[in-house]
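2 protein chains.
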Amino acid sequence: MTHTNDSDSRSTDTNHPTDADGGVDVGTDREPLFARIPRRDFMKAGMAAGAVGSLAGCTSILSGGDDESVALEDVKTDVKPGELDDYYAFLGAGQSGEIYVYGVPSMRQLSRIPVFQANAANGYGYDDRSREMLEDAGGYTWGDAHHPRISQTDNDYDGRWAFVNDKANGRMARVDLKYFETDAIVDIPNQQGTHGACCVLPDTKYVIGVGEFRVPMPNDGRDLDDPDAYTSTLAAIDPESMNVEWEVLVDGNMDNGDGGKEGRWFFATEYNGEEGVTESEMSESDTDWVKAFDIPAIEEAVENGDYEEIGGVPVVDGTRESSLNEGDRPVVRYIEVSKSPHGVSVTPDGKYAIASGKLDPTCSIIDVEALGEVDDPNEAIVGRPSLGNGPLHTAYDGRGHAYTTLFIDSQVVKWDIEAAVEAEEGSEDPVVEKIDVHYNPGHVIAAESYTADPSGDWLISLNKLSKDRFLNVGPMKPENDQLIYIGDDEAGMQLVKDTPSYAEPHDASIVKADKIEPATAYDPDDYDEEFVESGDSDIVREDGRVHVKMTAQRNEFGFQDVTVTEGDEVTFTVTNIEETDDISHSLAIPEYDIHIKLAPLETREVTFTADKPGVYWMYCAFFCSALHMEMRSRLLVEPAD
Amino acid sequence: MTHTNDSDSRSTDTNHPTDADGGVDVGTDREPLFARIPRRDFMKAGMAAGAVGSLAGCTSILSGGDDESVALEDVKTDVKPGELDDYYAFLGAGQSGEIYVYGVPSMRQLSRIPVFQANAANGYGYDDRSREMLEDAGGYTWGDAHHPRISQTDNDYDGRWAFVNDKANGRMARVDLKYFETDAIVDIPNQQGTHGACCVLPDTKYVIGVGEFRVPMPNDGRDLDDPDAYTSTLAAIDPESMNVEWEVLVDGNMDNGDGGKEGRWFFATEYNGEEGVTESEMSESDTDWVKAFDIPAIEEAVENGDYEEIGGVPVVDGTRESSLNEGDRPVVRYIEVSKSPHGVSVTPDGKYAIASGKLDPTCSIIDVEALGEVDDPNEAIVGRPSLGNGPLHTAYDGRGHAYTTLFIDSQVVKWDIEAAVEAEEGSEDPVVEKIDVHYNPGHVIAAESYTADPSGDWLISLNKLSKDRFLNVGPMKPENDQLIYIGDDEAGMQLVKDTPSYAEPHDASIVKADKIEPATAYDPDDYDEEFVESGDSDIVREDGRVHVKMTAQRNEFGFQDVTVTEGDEVTFTVTNIEETDDISHSLAIPEYDIHIKLAPLETREVTFTADKPGVYWMYCAFFCSALHMEMRSRLLVEPAD
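From first to last, the protein sequence lines stand for chains S and L. Take the position in the first sequence, starting the count at 1, then add 1; the result is the number in the numbering used here. Take the position in the second sequence, starting the count at 1, then add 1; the result is the number in the numbering used here.
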């Protein structure tokens, strides 16, 4: 851990490995970009100042949070047995296809929410409802879940939903935070490699899927080896219906995104402005673009019928050429930024969108309000501090600081946003301090950083490598999610915990505990399955179909045996009739590959063909009472002959 | 947390909820059992003493560990960033079908090892080898993994393998601790509900699967509703070949098991001596049995051809009747114990097997050596202390104490083993202290408790309910694995950590860190797939089959594009040619539902039919370098027409 309060040593810490793992060459010659984009002084003095106070509810320019910093020793860091955490953290678990739920600051994994991969532990993908949902969303058995974002109202978490993308299959999922379970997945037409996933703020009007991989549209075998004909799109999804409302077709590709606080602009980075199809082609030029999508302009285009319907979705032309032709109000503005940017995030006050260079040591600061007022969108860039090697993502503390991960330097750099706007381009002066992380960080997230009012106390650095930080568990190491205290500006950043995690958390949202109010039992009105009342267990037989309706409770199922005939199509509708907190049951059927989970007052159904004669002991897999072992009933499958 | 050093208040703590969750009635009237089984004083004075010193390498009667206790403040409990844990804990994750790997004492989850359920994160069930292994083991998509046991040599962990059962589908799996990955699964014939999973010691001669559910044999539709014809078996599996060597057919059912240290006896509890098929029938009688399997006698029977071959396995008759007929050397001895016992475990010195009553407040202490010398196996019972309500499982500290979970009382009770042998039956005097746990504990595990030399410092109580102990995450709560310090006999048990865990850890093994030596890269000699050398990427086409052999390294695959024709059967053989620690790659193919993981020097293959024309961006899902986003190649599938 390295940090300093000495302003003379603010710049860069020398104790960091550069490209320790044989990584890439990083361009450091920024002259071409800086020479090409004239710095407009009015942007600093005029437009930036003009934005002051433009956002309702902000008491200071940069901070919606508490300006006072607090020493670490005055903060709860050790969550003792029986104590509760202060925050939920929702992590997009990458190739695990899940959302992990951590408590902060304990960094304990409180739950895992299966999203794109079936999980027997809670019956996800096993009962009829969740199985059909996965089938309807393409039938894929896995997904690559990167960016979990929590729904907001008035730029604050409302605790309703989490959304997360599937990069592998171009999908977006919704998690119901009443039950902490996935309740909708949409397979986004015309999009491969949905990467960024974010909300259009302040009120989550849309959930945005950012298309990374350029492919022919439609991708049906046409234009196979004609990359010029490939396209990528931005997709806007209605959070209630999960319907794809419209898409915007763009030049180049896209990567991460973030929504402005005011509802007009949505920002997406692009690392392959070259539209190359090989690594070297993709990283050839010194600059790429941030695309700023003008949401009302797009909506207007859709309303006016200025779109082509492709894959059942209105697709608005947002290419550079078309935008230029639209005169006053292009639907997409292309802003030239440092080479191959990766992350982009909007400051809590909504003033700036900050894009990280990735293959360039600078970040580009875009003045959000100015964007609607300048002719050349490049004039909206009001700062470009030099931060270190491999800047990827940026989080905020609400006290005017930005925290950017440096992938190659294995550090998090804290810097002063307004100082960066004031400073010369390429200056290292705005850097406040750097802290080593272990190793190679991707996303960094601060508590409530995506709202208008970050908490300013905790930061999590999602490091891609852990190497020697934990006991060796074989060739596949855990990632390392490090908890850093950022609440004390005087003492500087302080590393508090190393947390191993299973591959691979990409991004997270950290939410104050009291903003989420999960249920402890299901409300039967929330689902379609028939609630089986106590004593109402029943078996209905008709034409080779057997419908078993039964209860589950300590310590028995509604039937002690169920007899069916080989070949019958059998449906079990099972209700856990207990509402006692934490008393879950389940129905496991050996050798029939069935496991449905039944939390308090939950009903689930499972349908299967009884194709194997014999005795099968259906049992409850959740250890539920002293007579749990005895909570089992027989499924008797009589031979057809 | 409650504990006391006051010997007057040793008995029971009054501050514990009894049956707080509306659980079962627990029989407390032990007279019938105690009256029926005469206490033989010679067992206490003679046979027990006779066992002293019979086990090589033990320096004291009860302890192979350090007799001195150590204060908690002198022990590492807070594993600081960058520090390593002292132990690995391997937890059988129940309906998650995995083994979780924790560090102790940090209780951080260091890894998850998928066993019975596919997991895209590390390609398990996605590459050809692991997919075929799961297919060959019955093709089930989930399993119920309860009891992970680590292979031993000379009654000590040798770090080679972990074994774990699948209760749902009657299987046993082996995990290779060089790579921390599942490398074999056997579908055990004639067995449904394989529950207990343990090693025959001292050298892991067999891995034992304990059959819980009684079913017809073979279970093909015969004897459907004739429970008298149902059977259950004990299965012995060769740990090298994972072949089922023999089974023993028994009366009643079985539950948990444990191997004696001397290699002769294997113990299994039975909770349904009644052979009932309903909950009330199963818990009707006041006693049940522990079955003691005489391994050499069984091997002799197999060698002599005294078996019936069923399902391809020699099945030895171990029913009570047959055993009685075999005179001097019955293969199974039936020992009458308190009602519906659940756990059984052998003391570190090998002297005693202790079975918990579950529906009776007592544990039964069986003298292992005496078992071979008495005519009536019931005479081998040398103690029966009264511990509290719902005793389930017992662990050891090597200093003469046993730690038994009390499910209904939500406590762990520490008691003195020799004092219990000396005391009257049903006495509470051997109880040293009790500690509240939260809530309703199942298994309890002490560090190295299953070896001859427990560490005596850490204990984990695997609690089934957490209720209010963590932030609410909806109706399905985490379990709570509590870490308790047991290293200080004077201060008593001390609760150190609450650890939330995903459903549902059942049992665990805790192993000293230096006893396991995982590799950091794969050894190509350990697998059959062809290692693709750098520069040797190649595409072989023949008769509608395309075999792509390619490398993966930062930041590219061996081919930047691969063209195939719709309908081709395509195999990718991919080698990660990097040996740098922790640099994993993978091959994800969008919309083809493929993800294979490639740790350093690992080769995996995946075969699929290219049935969808179009452009598919194959990418690496492990964030591996600053050019990770660019590490992608095109799969071009040309339309067949």
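If you are wondering where the hints come from, they were derived from the structure by calculation, not from laboratory data. As the structure is a computational prediction, the values presented were derived from the model and not from experiment. Don't take each hint at face value.
Treat identical chains as interchangeable: a pair holds within one or across any two.
Listed below are the simulated DSSO-like cross-link pairs for lysine-lysine, each with C-alpha atoms no more than 27 Å apart in a straight line [to be verified]: (1) Lys613 to Lys77; (2) Lys513 to Lys81; (3) Lys513 to Lys468; (4) Lys613 to Lys516; (5) Lys516 to Lys468; (6) Lys179 to Lys468; (7) Lys206 to Lys81; (8) Lys206 to Lys513; (9) Lys468 to Lys206; (10) Lys516 to Lys179; (11) Lys613 to Lys468; (12) Lys513 to Lys77; (13) Lys513 to Lys613; (14) Lys206 to Lys613; (15) Lys516 to Lys77; (16) Lys77 to Lys206; (17) Lys513 to Lys179; (18) Lys179 to Lys206; (19) Lys613 to Lys81.
Hints, verified against the model:
Taking the shortest alpha-carbon separations for Lys613 and Lys77, neither the intra-copy value of 57 Å nor the inter-copy value of 54 Å comes in at or below 27 Å. In this assembly of identical chains, Lys513 and Lys81 lie within 27 Å of each other by CA distance both inside one copy and across copies; the values are 19 Å within and 25 Å between. Taking CA atoms no more than 27 Å apart as the test, Lys513 paired with Lys468 passes between copies only; the shortest distance there is 20 Å, against 32 Å inside one copy. Taking the shortest Cα distances, Lys613 and Lys516 never come within 27 Å of each other, neither inside one copy (49 Å) nor across copies (45 Å).
Taking the shortest alpha-carbon separations for Lys516 and Lys468, only the inter-copy value of 20 Å comes in at or below 27 Å, while the best intra-copy value is 36 Å. With identical chains, the CA atoms of Lys179 and Lys468 are at most 27 Å apart between copies only, with a shortest distance of 17 Å across copies and 37 Å within one. For a Cα distance limit of 27 Å, the shortest separation of Lys206 from Lys81 qualifies neither inside one copy, at 40 Å, nor across copies, at 43 Å. For the identical chains of this complex, Lys206 and Lys513 are intra-copy neighbours only, at 22 Å inside a copy versus 53 Å across copies, given an alpha-carbon limit of 27 Å.
In this assembly of identical chains, Lys468 and Lys206 lie within 27 Å of each other by CA distance neither inside one copy nor across copies; the values are 42 Å within and 35 Å between. Taking CA atoms no more than 27 Å apart as the test, Lys516 paired with Lys179 passes inside one copy only; the shortest distance there is 11 Å, against 44 Å between copies. For a Cα distance limit of 27 Å, the shortest separation of Lys613 from Lys468 qualifies neither inside one copy, at 48 Å, nor across copies, at 39 Å. Taking identical chains as interchangeable, the C-alpha atoms of Lys513 and Lys77 lie at most 27 Å apart only when both belong to the same chain, with a minimum of 14 Å there against 31 Å between chains.
Taking CA atoms no more than 27 Å apart as the test, Lys513 paired with Lys613 passes in neither setting, with 51 Å inside one copy and 45 Å between copies. For the homomeric pair Lys206 and Lys613, neither the shortest alpha-carbon distance inside one copy (50 Å) nor that between copies (34 Å) is at most 27 Å. Taking the shortest alpha-carbon separations for Lys516 and Lys77, only the intra-copy value of 19 Å comes in at or below 27 Å, while the best inter-copy value is 36 Å. Taking CA atoms no more than 27 Å apart as the test, Lys77 paired with Lys206 passes in neither setting, with 36 Å inside one copy and 50 Å between copies.
Taking the closest pair of Cα atoms, Lys513 and Lys179 come within 27 Å of each other only inside a single copy of the chain (15 Å); across copies the shortest separation is 41 Å, beyond that limit. Taking the shortest Cα distances, Lys179 and Lys206 sit within 27 Å of each other inside one copy (20 Å), while across copies they are farther apart (50 Å). Proximity of Lys613 and Lys81 under a CA criterion of 27 Å is satisfied in neither setting, with 51 Å inside one chain copy and 54 Å between copies.
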